[in-house]
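Trainee: Next come the chains, spelled out residue by residue.
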Amino acid sequence: MTSVHVDPAPGRIERLNRQVDYWVTVYKRTWRGSVISSFLMPFLYVVAMGVLLGGLVDSGGASLDGAPSYLAYIAPGLVAAHAMQTAAGETMYPVLGAVKWNKTYLGMVATPLTPADIVTAHLGFVVFRVATACGAFLLVLGVFGLFTSVLGTVLAFFVQILIGLAFGTPLYAYSAGLKDPTPFAVIFRVLIMPLFLFSGAFFPVSNLPDAIEWLAWLSPLWHGVDLTRMLTLGTVDGPLALLHVVVLGTLAGVGYWWSIRRLTRRLMH
Amino acid sequence: MSQPVSHPDPTAAPRTSSEGPPSLIRATGLRKSFGDFEAVRGIDLDVPAGEAFGFLGPNGAGKSSTMRMIAAVSPPSAGELRILGLDPATHGPQIRARLGVCPQEDTLDTELSIRDNLVVYGRYFGLPRSECASRADELLRFFQLQEKARQKVESLSGGMKRRLTIARSLINQPDLLLLDEPTTGLDPQARHVLWDKLFRLKQQGVTLVLTTHYMDEAEQLCDRLVVMDKGEIVAEGSPLALIREHSTREVTELRFGVGQHESLAERIDDLAERVEVLPDRLLLYTDDGEETLARVHERGLEPAAVLVRRSTLEDVFLHLTGRTLVD
Ligand SMILES: Nc1ncnc2c1ncn2[C@@H]1O[C@H](COP(=O)(O)OP(=O)(O)OP(=O)(O)O)[C@@H](O)[C@H]1O
Ligand SMILES: [Mg+2]
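Line by line, the protein sequences give chains A and B.
Taking this note's numbering, the leading residue of the first sequence gets 1, the next gets one more, and so forth.
Taking this note's numbering, the leading residue of the second sequence gets 270, the next gets one more, and so forth.
Keep in mind that the hints are not guaranteed to be accurate.
With a straight-line cut-off of 27 Å between C-alpha atoms, the simulated DSSO-like cross-links for lysine-lysine are [to be verified]: (1) K28/A <-> K103/A; (2) K417/B <-> K179/A; (3) K28/A <-> K499/B; (4) K103/A <-> K417/B.
Coverage of chain B stretches by chain A, computed from C-beta distances (three or more under 8 Å per stretch; other residues unrestricted) [what the hints assert, rightly or not]: (5) 293 to 299; (6) 338 to 352; (7) 480 to 492.
On the chain A side, residues computed to face chain B include the following (Cβ under 10 Å) [as the list claims (entries may be wrong)]: (8) P8; (9) E14; (10) N17; (11) V20; (12) V26; (13) A98; (14) Y105; (15) L106; (16) G107; (17) M108; (18) P112; (19) L113; (20) K179; (21) T182; (22) M268; (23) H269.
Bear in mind the hints are in silico, worked out from the structure with no lab data behind them.
The C-beta atom is built at its ideal place from N, Cα and C for all residues, glycine as well.
Extracted from the complex, chain B is given alone in its bound form (with noise of 0.2 Å):
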């Protein structure tokens, strides 16, 4: 997979089609307020065709909100969004008809069988009976609910649902396909075929948006992503360059007494260009973690427990929010 390094720079010029692929989603100053509460406070996206992109964030940092106005569901409270060239305000069922939706929360109709979810959706975007029909055997199969067919929604497990939440999605085959937090919940092998799914696409030429709160996931499928945190941005880029951008090479992890972290950290902090105290451990970012390592042993502090390990998307997280991934 090619991860190509790009900078964030928001006074580049917007994408044109003869610089290369057009933007399918263009946000300025894009704000979403509840109330009093702004929970998007003045993003600014260029997510061109064919790209995966992504958002990485703390609960409630915004992304889901983000997300459902790229959606054209939630009018922007400012700002100015276009998808797909047009505008959510006045071009919403054009745009919702190239779109592929899976949003955070399971919307799937309870009351309908699991094919008849596929196949009434599927008319909702004008397809025909049987393209309906013929689409939606194809999607069970694919994720591996074809035995369930005729049984109502209830009977499916959490992460069955999930499946079929995302196997709804593409019964319009979008140009550009939301997934907010699409594997939370899925089992490894369920999230290996899902990705796989992506992947291939991808390859066809199809637009991802996705949200997630595991860095794995993250890594493997986007070419580029932003974090947010507190309804910002705070970082962009590809996964590589944002690890090398903020964090270090290497990470020494200690491992310690349950509440030494907090008074060790302070014996140790010159040894490392940063140290983040978790409560289960210390985090020693270094450019050589095993020479760090060998620092602290000539101190004289014997953890019970070391890893040294390359930086991953993680640190960069938990630089950027101090907190992890998954909470």
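In isolation and in its complexed conformation, chain A is listed as follows (with noise of 0.2 Å):
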């Protein structure tokens, strides 16, 4: 054997691209079985509520927040809810997975790797799934002329990745420490789906009853919905926009702050 130069105190960066082969790895492993479910499934949403759905709902006249058809209000809604959904799906089941099935983990906090370089990594490759999966999203239905503003949609494409972390990292951190995957039902069901249908994707929350109208506010979600329908259809609202930034940034900060801690208690004890 050969000997080879090694960085002896790699950076941050040095230390993310050493995991690389490791995520592509994965992604060839995974990829076909997330086609559906990132590419496929958001125009099927598309067709049946925005298309069918949306043509009598127009036909109704309902007032849609200045949205000019049914079609037009929820597709910002609908790639939100995709940022939302395809954040959670890589960070429930890989990360308990990693740390107690696959033992992905358990073997790379035996190398220079720290827990932090660990969540970091695998954070990256849940921006890599939003990006693309709504970044295709975007694209095609902008190419559909449903979005006004070019600028806003690029923007909002920036605001996925925002919406991604800002239920990646929690969720990451919660199933850092778990044991067996039993809760990962009960979220979907209490808090994924709840969300999907509640925060404004579909109809706007001032729809809902006013006593649970402001149950709404608290959904991350809905400030991912209303940002980003904010700019694709150009009806920015600076400074409640800025509370949407702040709020999703505060749980993506929070949440990776969170994961770093509770991976380390994981591994390292």
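Combine both chains into one complex, guided by the hints.
Mentor: In structure tokens, the structure reads:
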């Protein structure tokens, strides 16, 4: 065996770079299985809800926060919800699996990588998945002329990544400390699905009974949906947009910090 | 294989480079607690570069807990620990970069192919792709896994997984190799291949630290070892010195009918320095086994089977911990 030069004090970027081959291997193995949920399902929603149901809604003359049609109204909402679901899918079973079943992380932590490096690289992969899934979605909807603002749509692309992280990091932290996967089914039922349905993706939250309208404001997805809609439809309300960014950014930041903490405890006990 | 006899001396000054090889592992008063339970209760270690050092001890003695602290993946609860001269609390990544670790339980990535387990792992250490690939192929050949290279880990037998774990621990050409029960589950041939490899690594200057339940392995591989029991070190020395210090020259083994050993032991316990009662036999510790056997016969006892042999580490272990090595 020859001796080779290895950076003895690698920086953060180099430590992430060292994990790229692992994640490429993972993606090569899993991309086929994710094609339908990542790239096809969203369009089934667009057709079923936007085009077919939308025909009924539009003829009813509903008020849709300034959107020209029901299809244009729900398109940004579906994109934002897709960001949430993609991120959730990548940070529940895969994280617990890497600790418990595949033992990926247990091997990694015996190398120069730290739990923070492991978390960051995994979240990098989540960003990649959200970016490709939502990027393709935005692009196709944009080409079909559903969005009025090109710049807004480009910004909305980055908002999807923010939404992905706002959900992905707290879920990552939660999964990293879990002993078994039973709670995942509960999370899907009591968190992901209700948020999906009631966060303003399908109808304005002002349509909710007053007593629970404020609940929608607590929903991170509502912040994401509203921000995406403002940007793509060119109806930006500056202060409100800023609030959305702050809420999502705070969740992502706190979730990231919590993820590192929980994974460190899990792996280095 | 030379067997330098060293005597345990906790007050010995720490080695410095002028006196001999530097310490790769130095621990003083090292402790590890899990909640209220203390798994490691204040141990001192000093392992110089180039040594092959072993941990022996019954189940639950604290061997793996100690190994994990040395591997810089488990923070000590108290005491001082230096690995390669560095503090694992602050220099974990730098330490781990130079370690090879074979944990007691395999941590192979079950979703990757056998070869990818090695290649991808080498990348974590910052090795270039081409280097990872050539080292992986070499290790697969050496550990006789090359035919399975493309298969998933799940398709391997237990012993093959073990071999792959050991192969993986060598991908970064470590200075310090930590092996927690490396040969558990290996067939005799694979064990000898591994011993041979470890012996060659040692000759190249790699420091070896291993735990084992096999005394032949400890005798073959270790220059020096410690016996741990209940979180403490109860003996330390070379295999020969330990045998000399804690056992007699010879052992007379007597087998009687099931259930008779306890009562018969009382009738002959004056014939040996020490008598151990095992469920299936009596062990008489003595300097002249044949002589002792003759005395046993004089007393009119007729064992179903007898064996006179030299003392081994197994006897040291039994004496110190009251337990057999493999239980
Ligand atoms: N993570 C943990 N949480 C709680 N207790 C633990 C943990 N790890 C180890 N222990 C306890 O610490 C003690 C020592 O365990 P350890 O694994 O170090 O023993 P060992 O000497 O390696 O035993 P064996 O020969 O069975 O591998 C045991 O009683 C074990 O139950
Ligand atoms: Mg153990």
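Trainee: Against chain B, run the beta carbon of A98/A and see if the smallest gap drops under 10 Å.
Mentor: Hint on A98/A: holds, closest Cβ of chain B at ~9 Å, below 10 Å.
Trainee: Is the interface hint for M268/A satisfied, with its Cβ closer than 10 Å to some Cβ of chain B?
Mentor: Hint holds; M268/A Cβ to chain B Cβ min 5 Å, cut 10 Å.
Trainee: Does the nearest C-beta of chain B fall within a distance shorter than 10 Å of the C-beta of V26/A?
Mentor: holds, 8 Å
Trainee: Go through the hint on E14/A and say holds or violated, using the shortest Cβ distance to chain B against 10 Å.
Mentor: Hint holds; E14/A Cβ to chain B Cβ min 7 Å, cut 10 Å.
Trainee: Is the shortest C-beta separation between T182/A and chain B less than 10 Å?
Mentor: violated, 21 Å
Trainee: Would the hint on G107/A be counted as holding, given a Cβ-Cβ threshold of 10 Å to chain B?
Mentor: holds, 4 Å
Trainee: Holds or violated: K28/A and K499/B, Cα atoms, limit 27 Å.
Mentor: violated, 48 Å
Trainee: Going by Cβ atoms only, is P112/A closer than 10 Å to chain B?
Mentor: holds, 4 Å
Trainee: Using 10 Å as the Cβ threshold, decide whether M108/A counts as touching chain B.
Mentor: Holds - the Cβ of M108/A comes within 10 Å of chain B, reaching about 6 Å at its closest.
Trainee: With chain B as the partner, please determine if K179/A meets the hint condition of a C-beta pair closer than 10 Å.
Mentor: Since the shortest Cβ distance to chain B is 16 Å, the answer is violated.
Trainee: Confirm or reject the coverage of the region 480 to 492 of chain B by chain A under the rule of 3 or more residues with a beta carbon closer than 8 Å to the chain's beta carbons.
Mentor: Three-residue rule not met by the region 480 to 492 of chain B, so violated; n is 0.
Trainee: Quick check on L113/A please, does its C-beta sit within 10 Å of some C-beta on chain B?
Mentor: holds, 6 Å
Hint compliance for this structure: hints 2, 3, 5, 7, 20, 21 are broken, all remaining hints hold.
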